[in-house]
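Visitor: The chain contents come next:
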Amino acid sequence: MTTCGAVVGGRSIENVDISKQAVIQGVVQKSGAPVSVGYVRLLDRNDEFVAEVPVSQKGEFRFFAAAGSWNIVTLVPGGSARQPVTANLGQITDVDVLVG
Amino acid sequence: MSRKDVLVDAQWALAHLDDPKVVFIEVDEDTAIYETNHIRNAIRLDWKNELQDPVRRDFINKEGFEKLLSAKGVKSDDTVVLYGGNNNWFAAYAYWYFKLYGHGDVRLLDGGRKKWELDGLELVSGEVTRPATSYVAKDQDRSLRAFRDDVLKAIGVQNLVDVRSPDEYAGRLLAPAHLPQEGGQIGGHIPTAANIPWSKAANDDGTFKSEDELKAIYSAAGVDFSKDTIAYCRIGERSAFSWFVLKELIGVKNVRNYDGSWTEYGSLVGVPVAVGDEPGTA
Numbered sequence: 000m001t002t003c004g005a006v007v008g009g010r011s012i013e014n015v016d017i018s019k020q021a022v023i024q025g026v027v028q029k030s031g032a033p034v035s036v037g038y039v040r041l042l043d044r045n046d047e048f049v050a051e052v053p054v055s056q057k058g059e060f061r062f063f064a065a066a067g068s069w070n071i072v073t074l075v076p077g078g079s080a081r082q083p084v085t086a087n088l089g090q091i092t093d094v095d096v097l098v099g
Numbered sequence: 000m001s002r003k004d005v006l007v008d009a010q011w012a013l014a015h016l017d018d019p020k021v022v023f024i025e026v027d028e029d030t031a032i033y034e035t036n037h038i039r040n041a042i043r044l045d046w047k048n049e050l051q052d053p054v055r056r057d058f059i060n061k062e063g064f065e066k067l068l069s070a071k072g073v074k075s076d077d078t079v080v081l082y083g084g085n086n087n088w089f090a091a092y093a094y095w096y097f098k099l100y101g102h103g104d105v106r107l108l109d110g111g112r113k114k115w116e117l118d119g120l121e122l123v124s125g126e127v128t129r130p131a132t133s134y135v136a137k138d139q140d141r142s143l144r145a146f147r148d149d150v151l152k153a154i155g156v157q158n159l160v161d162v163r164s165p166d167e168y169a170g171r172l173l174a175p176a177h178l179p180q181e182g183g184q185i186g187g188h189i190p191t192a193a194n195i196p197w198s199k200a201a202n203d204d205g206t207f208k209s210e211d212e213l214k215a216i217y218s219a220a221g222v223d224f225s226k227d228t229i230a231y232c233r234i235g236e237r238s239a240f241s242w243f244v245l246k247e248l249i250g251v252k253n254v255r256n257y258d259g260s261w262t263e264y265g266s267l268v269g270v271p272v273a274v275g276d277e278p279g280t281a
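Chains as they are written, first to last, in numbering that gives the first Met the number 0: chain A, 0 to 99; chain Y, 0 to 281.
Derived by calculation from the structure, the hints in this document are not laboratory data. Please read all numbers here as calculations on a predicted model, not as lab measurements. Be aware that one or more of the hints could be misleading.
[Stated by the list, open to error] With a cut-off of at most 25 Å between alpha-carbon atoms, the simulated DMTMM-like pairs for lysine to aspartate or glutamate come out as follows:
| id | chain 1 | residue 1 | chain 2 | residue 2 |
| --- | --- | --- | --- | --- |
| 1 | Y | Lys137 | Y | Glu121 |
| 2 | Y | Lys208 | A | Asp46 |
| 3 | A | Lys29 | Y | Asp204 |
| 4 | Y | Lys199 | A | Glu47 |
| 5 | A | Lys57 | Y | Asp204 |
| 6 | Y | Lys3 | Y | Asp203 |
| 7 | Y | Lys226 | Y | Asp140 |
| 8 | A | Lys57 | A | Glu13 |
| 9 | A | Lys57 | Y | Glu121 |
[Stated by the list, open to error] Short, incomplete list of chain A residues facing chain Y, as computed with Cβ under 7 Å:
| id | residue |
| --- | --- |
| 10 | Leu41 |
| 11 | Ala65 |
| 12 | Pro76 |
[What the hints assert, rightly or not] Using C-beta positions, here's what the derived DEER-type ranges look like:
| id | chain 1 | residue 1 | chain 2 | residue 2 | range |
| --- | --- | --- | --- | --- | --- |
| 13 | Y | Ile185 | A | Gly67 | 16 to 24 Å |
| 14 | A | Asn87 | Y | Lys226 | 39 to 47 Å |
| 15 | Y | Asp52 | A | Gly67 | 37 to 45 Å |
Quick reminder that beta carbons are idealized off the backbone N, C-alpha and C, glycines included.
Please construct the entire structure, taking both the sequences and the accompanying hints into account.
Guide: The following block contains the structure:
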């Protein structure tokens, strides 16, 4: 049984058939460098919470969404960011998140 | 039961980190997080390897729970403060589990690991051990736990609360979006279940909303507080979070968590299933 929990940086895509996934992934940066503490939240088209992952030590995150429009909301100590993203089935969409 | 009996904030936690009668326990799915760092003096509990039966899909029994907590150094009359990642999902699951076995004083750290990290509070590394105890558990309190037959009888009769995301409820996703979409079960929800995602009860920093806000959210979604209630999600830990909200914060009577949840129900042969954004009919 796979648990529902989010692991740091998001689940690995190793051994995952990408043709059946709509992957959204990226790196969170602040002041030009990846953050090591932060939380990235995926919201649906109605701004409803869908998932959240803590970033990895290198600021990385990953979601396995459905095809469509999403919003990425990022929280780091002392800052936040929000940006829209479109995911497509069978593709990995890379997002760079810059937190002010 | 009031909010102060079941929730602690960082100020309270910091004042009790060295209190011998208070045991801080971190519960994460990914135990590597604890190995990286944790709140000082906190021990860890492994959600999967320690709380689940190693063979069948069920919990460890009473004797197993007693053995586990004795080895962890927890006493039956200790105040247990649980916290973890994922907005306290697994900590809330452990809270429900501790209550299932009758532990008296259990509390959650409001906001869990996320708020603690975002607030820049101290985290330390190194495994924490406590002297062994002789923990005594009570028989499992079945009034807190629903099984599949209870759920089938509740369709159209009791409050069924599906706490997954709207896309999982509708059948568009089979798992939370941080997981690969490869569920063995079909998509959809239990007919007549209201969709009240667990996240509606939480602020962005992972803390719980006020009781008045929580009551308004559940009422607006059609929950009749005079009826018995069963909460479910995919495997029962997000619904443990919502069980905590309903039972411990709002004070609703007769709330059960269906830990079989959608991974069980969505695999059953011959049961009714609703798809789409509406609850459906009995």
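Visitor: All hints, please: hold or fail.
Guide: To see whether the hints hold, each was checked on the structure:
no.	hint	verdict
1	Lys137/Y / Glu121/Y	violated, 35 Å
2	Lys208/Y / Asp46/A	holds, 18 Å
3	Lys29/A / Asp204/Y	holds, 19 Å
4	Lys199/Y / Glu47/A	holds, 9 Å
5	Lys57/A / Asp204/Y	holds, 22 Å
6	Lys3/Y / Asp203/Y	holds, 21 Å
7	Lys226/Y / Asp140/Y	holds, 19 Å
8	Lys57/A / Glu13/A	holds, 18 Å
9	Lys57/A / Glu121/Y	holds, 21 Å
10	Leu41	holds, 5 Å
11	Ala65	holds, 6 Å
12	Pro76	holds, 5 Å
13	Ile185/Y / Gly67/A: 16 to 24 Å	holds, 21 Å
14	Asn87/A / Lys226/Y: 39 to 47 Å	holds, 43 Å
15	Asp52/Y / Gly67/A: 37 to 45 Å	holds, 39 Å
Violated hint: 1 only; the structure is consistent with all others.
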